[in-house]
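Colleague: Heads up: the protein sequence lines correspond to chains A and B, in order.
Under the numbering used here, the first residue of the first sequence is numbered 175, with each subsequent residue one higher.
Under the numbering used here, the first residue of the second sequence is numbered 599, with each subsequent residue one higher.
Keep in mind that a hint or two might mislead.
SDA-like cross-link-like pairs, simulated, lysine to any residue; straight-line CA separation at most 20 Å [said to hold, decoys possible]: (1) Lys-1314/B / Lys-362/A; (2) Lys-1314/B / Leu-327/A; (3) Lys-1332/B / Ala-403/A; (4) Lys-1255/B / Glu-318/A; (5) Lys-1036/B / Gly-374/A; (6) Lys-622/B / His-370/A; (7) Lys-622/B / Gly-325/A; (8) Lys-1314/B / Ser-373/A; (9) Lys-764/B / Gln-1387/B; (10) Lys-622/B / Glu-318/A; (11) Lys-362/A / Gly-663/B; (12) Lys-1314/B / Gly-274/A; (13) Lys-622/B / Gly-374/A; (14) Lys-1314/B / Val-335/A; (15) Lys-709/B / Lys-764/B; (16) Lys-1255/B / Ala-285/A; (17) Lys-602/B / Lys-1170/B; (18) Lys-622/B / Lys-362/A; (19) Lys-1314/B / Gly-325/A.
None of these hints come from the bench; they were simulated from the model.
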Amino acid sequence: MAEFKGLAIVDLARVESAQPADGEARRQSRREFIKRVIASGAVASSASFMAGGLAGCAPRRAVVAGSVERLVSLNVNGQVRRVDVLPQETLATTLRYKLGLTGTKLSCDRAECGACTVMIDDITYYSCSTLTHSVRDRKVVTIEGLRGPNGELHPVQQAFVEELSPQCGFCTPGQVVAAVALLKKNPKPTREEARHAMSGNLCRCAAYDNYLNGVMRACGNLAEIHHGA
Amino acid sequence: MALKHLGQDFTPHDVVAKVTGEAKYAEDFRVEGMVFARLLSSPFPHARVKKIDASAALAMPGVVGILTADEVKNPPAPEPPLLTNEPMYIGAPILLLAAEDETTAQDALEKIRIEYEPLPFSVDPLASLHPDHADARTDGNVGAAGVKFQQLKWKREDFDKAEAGKMPMGEAAQEWAFGEVDATFAKCKLVLDESFVHASNSHHSMEPRSAMAYWQNGKCYAHVSSQSQSFIHPALAGMIGIPPTDLVLIAEYCGGGFGSKGGAYPIQALPALFSKKINRPVMLRLSRAEEYYHGSARLGFQGRVKLGFAENGKLLAADLYIVQENGAYNSFWDFRNAADALSLVYQPEAMRWRGVPVHASSPLRSAQRGPGYNQMVHIMEPLLDKAARALKVDRVAIRLLNGPEMHGAFGPKHDTVTSCYLKDAVAKGAEIFGWEQKKALSGQRVGNKVTGVAVGQAYHPSGFFGFDGLLCIKPDGKVHIHTGVGNLGTFSHSSTSRIAAEVLKVDWADVVIQRGDSRRNLPWNIGQFGSNTNFTMARTNYVAAMDAVAKLKELAAGKFGGKPDDYDIDGKRVFRKGSPGTGLSYAQAAQLAIQKGGKYDGHELPADINPMTKLSATALAGTGLVGVAKDNLPVKGSPSAFAAAFVQIELDVETGKYRVLEYVAVADCGTIIHPQGLETQVKSGGLQGLSVAGLERIVYDPQNGLPASVGFYQAKPVSYLDVPPSMKVAGVDKPDPSSPLGTKGIGEPLLGCAASALLCAISDAVGGHAFNRTPVMPDMILNHLSGRQPSHHPLQTNCQ
Chain A
175 MAEFKGLAIV
185 DLARVESAQP
195 ADGEARRQSR
205 REFIKRVIAS
215 GAVASSASFM
225 AGGLAGCAPR
235 RAVVAGSVER
245 LVSLNVNGQV
255 RRVDVLPQET
265 LATTLRYKLG
275 LTGTKLSCDR
285 AECGACTVMI
295 DDITYYSCST
305 LTHSVRDRKV
315 VTIEGLRGPN
325 GELHPVQQAF
335 VEELSPQCGF
345 CTPGQVVAAV
355 ALLKKNPKPT
365 REEARHAMSG
375 NLCRCAAYDN
385 YLNGVMRACG
395 NLAEIHHGA
Chain B
599 MALKHLGQDF
609 TPHDVVAKVT
619 GEAKYAEDFR
629 VEGMVFARLL
639 SSPFPHARVK
649 KIDASAALAM
659 PGVVGILTAD
669 EVKNPPAPEP
679 PLLTNEPMYI
689 GAPILLLAAE
699 DETTAQDALE
709 KIRIEYEPLP
719 FSVDPLASLH
729 PDHADARTDG
739 NVGAAGVKFQ
749 QLKWKREDFD
759 KAEAGKMPMG
769 EAAQEWAFGE
779 VDATFAKCKL
789 VLDESFVHAS
799 NSHHSMEPRS
809 AMAYWQNGKC
819 YAHVSSQSQS
829 FIHPALAGMI
839 GIPPTDLVLI
849 AEYCGGGFGS
859 KGGAYPIQAL
869 PALFSKKINR
879 PVMLRLSRAE
889 EYYHGSARLG
899 FQGRVKLGFA
909 ENGKLLAADL
919 YIVQENGAYN
929 SFWDFRNAAD
939 ALSLVYQPEA
949 MRWRGVPVHA
959 SSPLRSAQRG
969 PGYNQMVHIM
979 EPLLDKAARA
989 LKVDRVAIRL
999 LNGPEMHGAF
1009 GPKHDTVTSC
1019 YLKDAVAKGA
1029 EIFGWEQKKA
1039 LSGQRVGNKV
1049 TGVAVGQAYH
1059 PSGFFGFDGL
1069 LCIKPDGKVH
1079 IHTGVGNLGT
1089 FSHSSTSRIA
1099 AEVLKVDWAD
1109 VVIQRGDSRR
1119 NLPWNIGQFG
1129 SNTNFTMART
1139 NYVAAMDAVA
1149 KLKELAAGKF
1159 GGKPDDYDID
1169 GKRVFRKGSP
1179 GTGLSYAQAA
1189 QLAIQKGGKY
1199 DGHELPADIN
1209 PMTKLSATAL
1219 AGTGLVGVAK
1229 DNLPVKGSPS
1239 AFAAAFVQIE
1249 LDVETGKYRV
1259 LEYVAVADCG
1269 TIIHPQGLET
1279 QVKSGGLQGL
1289 SVAGLERIVY
1299 DPQNGLPASV
1309 GFYQAKPVSY
1319 LDVPPSMKVA
1329 GVDKPDPSSP
1339 LGTKGIGEPL
1349 LGCAASALLC
1359 AISDAVGGHA
1369 FNRTPVMPDM
1379 ILNHLSGRQP
1389 SHHPLQTNCQ
């Protein structure tokens, strides 16, 4: 019989390294990486993910030295939001669990799929792999920040509706943000340019052709919309 | 009748929510006092849990409690358990731990000390049929739906006498046959004997199946990820141990399922059970790796097929043997479906089928887009090409020769289909693709690049019947269509509801769709799987709307005199034929229905509707004119959908990589009710097919049962970079006679036609070599081109 400390399986088979091309860093889980970011080496505290989210909720908290929430100001969708953030907290977690912005999705939580795509100073980032503390002086825009002041859909959103781009919809916020960022940089891409620009966003439904049609409609490149036979 | 809605595009009501991020999936919900649960998953491919010591974990501040396998009621083996003390694959769920936040929960899990007794395991089903090889389970190694759970081993001689590269064939767990199989083979001009492997691709739905649940006033509120809505309600209530009336089920959005979220599954029930124990709302968030472990995969095949052809290319005889990979638990019946597919699509005069479903130390295998039906065409289509080449028959011609007729028969009982326009689809696709010109490019080489062109086909049953429809015309004139259809991303909840709007002749703007939440009084519908919805729920909406029309006419006749047949409907009015001023608006009719009560407003209901529909209709009673009925319309045969695809690739002989340059697909889905919806499915299903055929991997280390494809990057589903520059879509658009408005479902063959076309095109580019394996990977192509042996054993599975 083997005595074995229960292992919560995160990714046993994952080969991931904090240092590039370093054989010693094999089989290091993402959690290990994040722990190393905290210089103190202390175990992450039990800081609540609900602070600022739910009224009347007073969870028990044990704060371990070296791993303290700090109240920071974040610029999200044009508003300054004050929120408690752990040093190792990812932007996706902050958005989803502390700022009530659940439009940004977690699908892989490890920079493989783009469902968590947000814009930081107009550049797309995977928010699951961005530390919230690193965006304190920058402008974050999420899917929720794209509508016009009177609630009108962003042209990309409108185009995706017209082209029936989303299917299950889970990758859609990331796709929309990626497309918006693309058009900010390149207002009239070719379909091929759009294909490459959006390639950081996976869609398991494989609705890619519809998304590309949507991007072409949004930027007015109607000649490169493909329908029928 | 001139159609108002069917055949027109429309904007489904949920699309805006999807593009704005307002759509809420299970993990997006928050409840006061919510705690976070994490699963402790097995590090062993098979083990017995001897002892659990959670004391250190429970003592941590912020930890709220644990839930172990002893505290849940598991279904009898070999059904998948909710939690288990005998994990049967790496990643199997052993216990749940909840804490105030997820990080604490995760840290606490690592403080739990468990004593395991490792047990034998197997990640190769064929190998585990050998008497000397380990099994995945100790209580039986064979069994799946319809096959008794048992211990079944072949004899050593069965393995010893198989020639190199050919699958051994021992005792079958199930079999059937029709015609004189051996005698028919004897008269064949060409006989092929091919052994094959088809991978078990993981579903890897974009939304990991997180779930959240809490209890309030004796009712359980469950937020889950599900392809289906009303279909899973009773089963989920059963798993939680409550009557369906005590379950409030919210499943308004689902981030992908592809078959893995079609029915109720254990993860949906766990937060409810845990919440009941600790008296807190429980959020169970699944990681990507956990979605791999709990999200299932397609059933893989190791198999062998003998095919006998006449000189003109007609398939006369087939002898098919499939060893199917079940994963650790009771599983789907892909192996039987595959046999039906061969029988229907290729119409052999004589056929034998044998199958053995075998357990392996891997996660649940369950239906994945085209279960069994698609694997079969992936295997058969390149073999059909092989025969065409040997017999010097054109590859499109051989398909037209062998294809089923309108009511093609299949299987040992010679069941028939309601309609089949597969040959129309092949012919139409050939024309759009330009087959006659393009086939000359076959094998042409320019520098490193070789062209391959090919055609592929697929089939899937596409409809059920006998479910209920429910709608209510309100006193304001709006038509509330209550649909039990889930939201897996096909918009079928709306496209099928348009049938009701069509029958009632109302504008789409006058329709309100009620769905996604059991509190919205939904009828009993079947789940969203098996490409059925556009057939099954077209019928339910049809009968409910016809019931409403009958009641409208009766109410008008009662008020103005004459018989119901003297009345007609249009423009949201029911009026006397020839005297349109004499009549009622729908709003007025609804008010009259409420006054009259009885059957008109739902106080009296048909006797044959499902209890769920009865409850829902009762809740609506008195609120308007209720249209409710069970679909008792006749069905002649099995509704079935078909698709054909044409592919042109350019293969680089130095890298083994290829680009798909052109993709053409034609769908036979009966009457097309939502053209834009069809096009999205043809294209996306097609891309998924290209993915299954050439990109996706599932790999297990046979030494220690470790999976190596738990993440997207490893599994490698299709991305933007794999999209062909040209994708053309068409439909046959001929009606199915069994469907009130001619519709059939369509989702699944759209994957199979693409995968088979791509596999055939790769074959074509390399001179006709049939790899007999799905997927075909660059290393396989390079090894073949350079005359080297493949890097895997011929029948090895879970290795690429």
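Colleague: Decide, hint by hint, whether the structure agrees.
Modeller: Tested hints:
{"no.": "1", "hint": "Lys-1314/B / Lys-362/A", "verdict": "violated, 30 Å"}
{"no.": "2", "hint": "Lys-1314/B / Leu-327/A", "verdict": "violated, 33 Å"}
{"no.": "3", "hint": "Lys-1332/B / Ala-403/A", "verdict": "holds, 17 Å"}
{"no.": "4", "hint": "Lys-1255/B / Glu-318/A", "verdict": "violated, 40 Å"}
{"no.": "5", "hint": "Lys-1036/B / Gly-374/A", "verdict": "violated, 34 Å"}
{"no.": "6", "hint": "Lys-622/B / His-370/A", "verdict": "violated, 29 Å"}
{"no.": "7", "hint": "Lys-622/B / Gly-325/A", "verdict": "holds, 19 Å"}
{"no.": "8", "hint": "Lys-1314/B / Ser-373/A", "verdict": "holds, 13 Å"}
{"no.": "9", "hint": "Lys-764/B / Gln-1387/B", "verdict": "holds, 15 Å"}
{"no.": "10", "hint": "Lys-622/B / Glu-318/A", "verdict": "holds, 13 Å"}
{"no.": "11", "hint": "Lys-362/A / Gly-663/B", "verdict": "violated, 55 Å"}
{"no.": "12", "hint": "Lys-1314/B / Gly-274/A", "verdict": "violated, 32 Å"}
{"no.": "13", "hint": "Lys-622/B / Gly-374/A", "verdict": "violated, 23 Å"}
{"no.": "14", "hint": "Lys-1314/B / Val-335/A", "verdict": "violated, 28 Å"}
{"no.": "15", "hint": "Lys-709/B / Lys-764/B", "verdict": "violated, 49 Å"}
{"no.": "16", "hint": "Lys-1255/B / Ala-285/A", "verdict": "violated, 25 Å"}
{"no.": "17", "hint": "Lys-602/B / Lys-1170/B", "verdict": "holds, 13 Å"}
{"no.": "18", "hint": "Lys-622/B / Lys-362/A", "verdict": "violated, 32 Å"}
{"no.": "19", "hint": "Lys-1314/B / Gly-325/A", "verdict": "violated, 38 Å"}
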